[in-house]
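J.: Sequence:
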Amino acid sequence: MRAPLTSRVHELSLEEAAIYCQLDPARIPQHVAIIMDGNGRWAGKRMLKRFLGHQQGAESVQYVVETASRINLPWLTLYAFSLENNLRRPKAEVNFLMKLLKSYLVGNVKRMNDNNVRMAYIGRLTELPAEVRDTMQWASEQTAKNTGTTLTLALNYGARSELVDAMRQTLRDAITESAGDFERLQSLIAEMDEHHVSRRLYTAQMPDPDLVIRTSGEQRISNFLLWQIAYAEIFVTDRLWPDFRGIHLLEAIADFQRRERRYGGLGDSFTDEKMEDHHAGDTAELVRR
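Going left to right, the sequence shown walks through residues 19 to 307 as our numbering numbers them.
Simulated from the structure, these hints should not be mistaken for laboratory data. One or more of the hints may lead you astray.
For lysine-lysine, the following DSS-like pairs were computed, each having C-alpha atoms within a straight-line distance of at most 25 Å [unchecked claim]:
id	residue 1	residue 2
1	K117	K128
2	K109	K163
3	K120	K163
4	K67	K117
5	K63	K128
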């Protein structure tokens, strides 16, 4: 349980504060995950090189993170670099993105500390360049004592790969626990449920996202947190990521708070099922008469 945080709502801009005052602070999502999309299109619309779109996108990250920290959003996860990006993008672009990541971490650790933000990462991190991993580790250590928003960057991340890794570890643990006893192994496998997998995901130490935001208007998940977002609300905006700011995060949260989350149930609203139950009750009453 985290200690209560000092309110920093007074640090919001006037425009942000106008939206925040309409929110219910008790219903701020615990975890927001963002698919940051549109850097290349943002640059293309301006006849600029793609790398300038990525640079502007990195600026957007810090603006959004600072707003998240001011409203005490506990968890913010950003899809920064997918496993598919690593495999399918031109090598020159991948190298630039790695340099940009290092530059972002080095240049923003002080701002993260000023905003009480803690750094974390998920993905197949061992496949990233050693010098990048060293910088990531340094940034994590520099912000480890912060108690506000946990900013998690998904790097060399793919949800299907995460599930494969989790299932492999689940089986390894079962084999180890069975100590060569085949019947015991069979019993352990039979006992496996979703909790065994969840505990071995990269995100085991954080709650599942309540809200997923996708920029650029694309209507897809792009292999991002497939297991964890089973009951998340999804908010899609046509705004390209380099134009996304803290105020747009608050707008997405406002939309989130207007929704009724049912988790597969019926919720509190009047439904067709309730209507049918009502008619069934009337019919039963007529029969009794």
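J.: Any of the earlier hints contradicted here, and which numbers?
T.: Those not satisfied are hints 2 and 5.
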